[in-house]
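There are 4 protein chains.
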Amino acid sequence: MTIWPGGAKCALTLTFDFDAETNWLSRDPANAKRPGTLSQGTYGARVGILNVLSLLREQSLKGTFFVPGWVVDNRTQRVEAIIKDGHEIGHHGYWHKWVDPDFPEQELEEMEAGLHALKSQFGIVPAGYRSPAGETSSNLIRILSEKGFLYDSSLMDSVDPYYHCLEDGSRGPVELPWHWSLDDAPFMLFSIMSPRPIFTNEHVLSIWKAEFEAIRETGGLINLVMHPQAIGRPSRMTMLRQFIEFTRGFGDVWYATCSEVAGHWARNNKFDPADCAINPFIKV
Amino acid sequence: MTIWPGGAKCALTLTFDFDAETNWLSRDPANAKRPGTLSQGTYGARVGILNVLSLLREQSLKGTFFVPGWVVDNRTQRVEAIIKDGHEIGHHGYWHKWVDPDFPEQELEEMEAGLHALKSQFGIVPAGYRSPAGETSSNLIRILSEKGFLYDSSLMDSVDPYYHCLEDGSRGPVELPWHWSLDDAPFMLFSIMSPRPIFTNEHVLSIWKAEFEAIRETGGLINLVMHPQAIGRPSRMTMLRQFIEFTRGFGDVWYATCSEVAGHWARNNKFDPADCAINPFIKV
Amino acid sequence: MTIWPGGAKCALTLTFDFDAETNWLSRDPANAKRPGTLSQGTYGARVGILNVLSLLREQSLKGTFFVPGWVVDNRTQRVEAIIKDGHEIGHHGYWHKWVDPDFPEQELEEMEAGLHALKSQFGIVPAGYRSPAGETSSNLIRILSEKGFLYDSSLMDSVDPYYHCLEDGSRGPVELPWHWSLDDAPFMLFSIMSPRPIFTNEHVLSIWKAEFEAIRETGGLINLVMHPQAIGRPSRMTMLRQFIEFTRGFGDVWYATCSEVAGHWARNNKFDPADCAINPFIKV
Amino acid sequence: MTIWPGGAKCALTLTFDFDAETNWLSRDPANAKRPGTLSQGTYGARVGILNVLSLLREQSLKGTFFVPGWVVDNRTQRVEAIIKDGHEIGHHGYWHKWVDPDFPEQELEEMEAGLHALKSQFGIVPAGYRSPAGETSSNLIRILSEKGFLYDSSLMDSVDPYYHCLEDGSRGPVELPWHWSLDDAPFMLFSIMSPRPIFTNEHVLSIWKAEFEAIRETGGLINLVMHPQAIGRPSRMTMLRQFIEFTRGFGDVWYATCSEVAGHWARNNKFDPADCAINPFIKV
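Residue numbers (the working numbering), protein chains in the order written: chain W, 61 to 344; chain D, 61 to 344; chain Y, 61 to 344; chain Z, 61 to 344.
Since the hints were derived computationally from the structure, they do not count as laboratory data.
There's no promise every hint is true.
Pairs count within a copy or across copies, as identical chains cannot be separated in the list.
Said to hold, decoys possible - Straight-line C-alpha distance at most 16 Å; calculated EDC-like pairs for lysine to aspartate or glutamate:
#1 Lys-122 x Glu-140
#2 Lys-122 x Glu-206
#3 Lys-144 x Asp-228
#4 Lys-69 x Glu-277
#5 Lys-179 x Glu-140
#6 Lys-144 x Glu-172
#7 Lys-93 x Glu-320
#8 Lys-207 x Glu-118
#9 Lys-93 x Asp-162
#10 Lys-93 x Asp-160
#11 Lys-330 x Glu-262
#12 Lys-207 x Glu-277
#13 Lys-179 x Asp-133
#14 Lys-69 x Asp-220
#15 Lys-330 x Asp-220
Modelling step: build the complete structure from the supplied sequences, incorporating the hints.
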């Protein structure tokens, strides 16, 4: 069981993938000709992100925002507003591309382009990375390590944080795992080409609360993954407020940014190469 | 915050896309050989639209009906019944086609054919347009402007109305945004080729009420998008009645047609080119 | 408003498409090599149909069973059990094929093969027809008329029964419409290749009850479409019993077979060619 | 009605398909390049299986684990932990492959490879088999018979156990049927490429309890199919505990492994070739 600061029983990270239009473009380039579909992403940049920032101010909480380089370069004022409010900015690729791991030079290119955008626009060197759609590779984990990243937050193979193992057996960045059931998109991101069910607030709250309660029992990390274009809808902001207030009722939650969680965890846990036996970078 | 007439706290538009069979034909031309699938659209014209008109009379409310030209030309008596009851008629293409924006001459053709149908059958020049399936283009927005349309209602990038920006930086028509969660089709339009979940009235009401309440708080526009073939089913009419009565309970809702909302909003808001920075007409 | 026998306010038909494996085979011929998928259909013949017959005996109700010729020829004892209990048998194609309406000779072939199976195995000439998956054609309606069918039950373009119109403008068979929301399959028929959500009994009952109540209000026909492989699961039989008991509570429902409903309706309604204007057999 | 030991009214088998990454790899080989998707499977091996074993110890219950040979060879310590706790291990293929039944030599190969893994790693000769994704063939049933398997648990064509019939009309292994509604995966296994709805605990419990109660009434077998990567999530373990406690409340449930159930059933039931008439191994 992880020991959290101040005797907290669990850690809660409110994270936001600020994709704007890029998630639609990366999933299907033909969406570039579908402004109706894209406009859900546009909502994230135009309205959703402002709603999210407003709620975080109201709740005096700091979030972690994973921002693709394209959004940094093209929605610069919005990213500036996030930074001004003191939130953490993480790396989220440049084009939100799913790079085929057989093309490691493209992985590097996306990584460099995203780093460059954050550096040149805001002088930021991010401590963390989340891969678009959660797809990554052992090569990318190596790149993260070489670039000095403290943590990655892309995989679903654990609830508690863990150290990545590099191919040479040495210690890689901390992983802060997530899961679809603690994401907003599977419950509310609809398009005609991908007609997922749109669920009620009660439905999502039931799942989020149940995961929160069960993870809290074991002292783990509740890593909530949200998207301004989804959670930023008026009624979903109400839901997020209700969820936060539900967690406050326990009185023993550490609300933190991802780099705070990763840093604390790394200071309190040693690397054990034996833990490398099971990981999703399969060689078939 | 928008100021609505008579001190109303929010505006509610009841809109109906009266597609009849055209939504099935435009999504997959092979549906022309599937009368079972098409018959859901036929229901809209045969029965659904009559149920909708009856409910609006009972509730003394005016709706906005977006009607493809094909429906105007082939279900003419039904469209006449809508007009007779004093509702607004909007443009909804001719064939409910998703025109590829790389073929602007087809966009113009659909536009002209829809205008011609309304003009020749009923002498109507529509003030508003909603694109089939919400897909549109910056070229189409320009066409709307040239044709003198007051408003468009196709995109999801905001909750409040806003002015479109033409490519030359000048003011375009008013946009009245919508969202899938305030649409009926994602919750009840099933076909074997597109097997969406069929949700309960309680489910849909939960989502519609939550969006209504949250948008009302900020003084916005609740733009409900319905389809006679979906909402016109017996039990769904019961649901719509319940939703309307729920909104009446607040005592501060302005029930209006889209052109009333767009006109009021345009009279009270100035165009600011700075608002053009974020829009879904992406150049990649 | 239709007038039903004995002052009943509405009519309820309990219909069962006894497809066994044929619905899986017709949807995707590759399913012939997937016994796991097929075994859901096998359940219908092995167990489901017996459960259904048992419930109908318990409730002293007569159902209408639409049976493909292949099932008549290969699950003959099961069909015999249905007949023994006094239920109505309707035509449901031979192979449960979706025939392309561009091949009218195949439509005739399926029709003849289904008729032959019922005639040769049981001496039955069916009064009614339901097309596989609801897909049909104006040619098939003509065939039904020539073969002397009293009714068809394939389309979703109305709630009340109506007369089909033949291409020469004369009266065709009675249509007894249905709708996906009064079907069991969209709520519970899962396969990996077609992973529909599996809904709770409460969910299905909410939808069926709401449709029942709203159709009853207008004196219409509630035409419930079920499949022994779906509704025949143990917990779904409990649900159907609950639904039947719910409808009994109203005290004014006419429980009838499809041919009883079609016959009664035909005796009380005149054919009006003007009603032919709107139908789903679209010429594009 | 089956007679269960000690006057129990029904039998309940808690079964776990311990696929780890293999279910993702077998469904789409391209998943080998999607570690994000694979990491759900990895979770099963890294965390989920430990949670499951812990719950079974807490509840003093024995489960049945169907393990692909690849998992036996690559997650050997985890399989050892299952065995140490006294649970039953069943055969689940080697690669969790859906073998095309037109290639019987591949069926044999998968079978031999899975047997070899269990034998060489742990000296185990399994009494039971569950086919990956439930797809199998009459040839595979014959192989099971020749290899001396007591039971198969792959098909959905019954609720009660039954004897398989070999092609020569003789008695094959016992079948312990299952159904999607008593599986965890349809309710919670999400991926972008296969975006199933993620349902609440209340939803799943409603369906599982309803099936349990209805099957118990007829004295049948409730054969629960779970996956450590799905049921092993923190909140889903809570749900499984609640389900087990719900069933304990009846006081007349026989909790058993699959081989206990199959053995008991075989000792109390005679083979009747007449039961072979209806089965899903269709010759078209």
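Structure-based check of each hint:
| no. | hint | verdict |
| --- | --- | --- |
| 1 | Lys-122 x Glu-140 | within (15 Å within a copy, 44 Å between copies) |
| 2 | Lys-122 x Glu-206 | neither (28 Å within a copy, 47 Å between copies) |
| 3 | Lys-144 x Asp-228 | neither (40 Å within a copy, 33 Å between copies) |
| 4 | Lys-69 x Glu-277 | within (8 Å within a copy, 35 Å between copies) |
| 5 | Lys-179 x Glu-140 | within (13 Å within a copy, 50 Å between copies) |
| 6 | Lys-144 x Glu-172 | neither (24 Å within a copy, 49 Å between copies) |
| 7 | Lys-93 x Glu-320 | neither (40 Å within a copy, 31 Å between copies) |
| 8 | Lys-207 x Glu-118 | neither (35 Å within a copy, 45 Å between copies) |
| 9 | Lys-93 x Asp-162 | between (28 Å within a copy, 8 Å between copies) |
| 10 | Lys-93 x Asp-160 | between (24 Å within a copy, 7 Å between copies) |
| 11 | Lys-330 x Glu-262 | neither (40 Å within a copy, 39 Å between copies) |
| 12 | Lys-207 x Glu-277 | neither (35 Å within a copy, 46 Å between copies) |
| 13 | Lys-179 x Asp-133 | within (11 Å within a copy, 46 Å between copies) |
| 14 | Lys-69 x Asp-220 | within (13 Å within a copy, 41 Å between copies) |
| 15 | Lys-330 x Asp-220 | within (14 Å within a copy, 52 Å between copies) |
This entry does not satisfy hints 2, 3, 6, 7, 8, 11, 12, going by the numbered hints stated previously.
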